[in-house]
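Start counting the sequence shown at 1; every next residue gets the next number (UniProt numbering).
It is possible that some hints are incorrect.
Stated by the list, open to error - Derived DSSO-like pairs: lysine-lysine, alpha-carbon spacing no greater than 27 Å straight-line:
#1 LYS3 to LYS156
#2 LYS168 to LYS156
#3 LYS246 to LYS163
#4 LYS163 to LYS3
Said to hold, decoys possible - Beta-carbon label-pair distances, calculated as ranges:
#5 GLY132 to SER173: 17 to 25 Å
#6 GLU152 to ASP89: 25 to 33 Å
#7 ASN12 to THR210: 28 to 36 Å
Note that these hints are calculated values from the structure, not bench results.
Glycine is no exception: its CB is placed at the ideal position from the N, C-alpha and C atoms.
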Amino acid sequence: MGKYVEVEPGVNIYVEDVGQGRPVIFLHGWPLDSRMFEYQYMRLPGMGFRCIGIDARGFGKSDAPWEGYTYDRYADDVRAVIDALGLEDAVLVGFSMGGATAVRYAARHQSHGVSKLLLIGAAAPSFTVRDGVPNAMTIEDVNEQIIQPTLEDRPKMITAFGKKLTHKSPSASSFAWVEMVAFQASAVGTLRAAEMLRDEDLRGDLAQITVPTAIFHGEKDEICPYGLAQTMNAGIATSHVVTFEKSGHALMMDEPEKFNEEIVAFLR
Numbered sequence: 001m002g003k004y005v006e007v008e009p010g011v012n013i014y015v016e017d018v019g020q021g022r023p024v025i026f027l028h029g030w031p032l033d034s035r036m037f038e039y040q041y042m043r044l045p046g047m048g049f050r051c052i053g054i055d056a057r058g059f060g061k062s063d064a065p066w067e068g069y070t071y072d073r074y075a076d077d078v079r080a081v082i083d084a085l086g087l088e089d090a091v092l093v094g095f096s097m098g099g100a101t102a103v104r105y106a107a108r109h110q111s112h113g114v115s116k117l118l119l120i121g122a123a124a125p126s127f128t129v130r131d132g133v134p135n136a137m138t139i140e141d142v143n144e145q146i147i148q149p150t151l152e153d154r155p156k157m158i159t160a161f162g163k164k165l166t167h168k169s170p171s172a173s174s175f176a177w178v179e180m181v182a183f184q185a186s187a188v189g190t191l192r193a194a195e196m197l198r199d200e201d202l203r204g205d206l207a208q209i210t211v212p213t214a215i216f217h218g219e220k221d222e223i224c225p226y227g228l229a230q231t232m233n234a235g236i237a238t239s240h241v242v243t244f245e246k247s248g249h250a251l252m253m254d255e256p257e258k259f260n261e262e263i264v265a266f267l268r
């Protein structure tokens, strides 16, 4: 069932709420929305889990204001949803940009309402190269491949970016579906969130995470290289890595059976 939560005056965030039981909160990647986890929404409620999918501001059915595209604000939006729905003992799941948001949430809000963290191909601790984070895109790469194309030809940028999501070649229909979801993101959200990915730094957040944390990462990831998983694992004392040897960035598309098995094992 879909609902809206007002996270600040005049800004409403869309939330998909399916099932009953232990809450599992899903944070999507850029430039998608909560529908990317629809296969989990169909499976997990039958296993006793309540799936909460959040459309980040600027994406999906959520409002797209000009302001508020920082990990602090994104984390605060998650906190507002958790408080509005009265969620406790939740598992916070974040993919790519959503993984970075989950890291900031755990640090900024001391994992309020959350007892486990699952980071999937997370764009953390930095999407771009910094000291201690050599395995990432350069700022120039982000500007040339994402920022400028978003300003000039967003559909072309989405198609090019989509081709890097997986290691295996997806079916034409699956690729068209990913493009469709990405095309429905707001232009302002697509741009401002890309700037957030480029500019923000989460290195100082890792040591503040104290809940059990699983890091799912594709060994063939071309967007958030596998080295990021190793950096996160070194920085989060309570973490472990689950490697998807045959996967790129969107490991739930490359190895769906393994993904479903591993996510259920971690949730339990």
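To see whether the hints hold, each was checked on the structure:
1. LYS3 to LYS156: With Cα atoms ~32 Å apart, LYS3 and LYS156 exceed 27 Å; violated.
2. LYS168 to LYS156: holds, 21 Å
3. LYS246 to LYS163: holds, 16 Å
4. LYS163 to LYS3: Cα-Cα ~32 Å, so violated.
5. GLY132 to SER173: 17 to 25 Å: violated, 41 Å
6. GLU152 to ASP89: 25 to 33 Å: Between GLU152 and ASP89, where Cβ atoms are some 46 Å apart, the hint is violated.
7. ASN12 to THR210: 28 to 36 Å: holds, 32 Å
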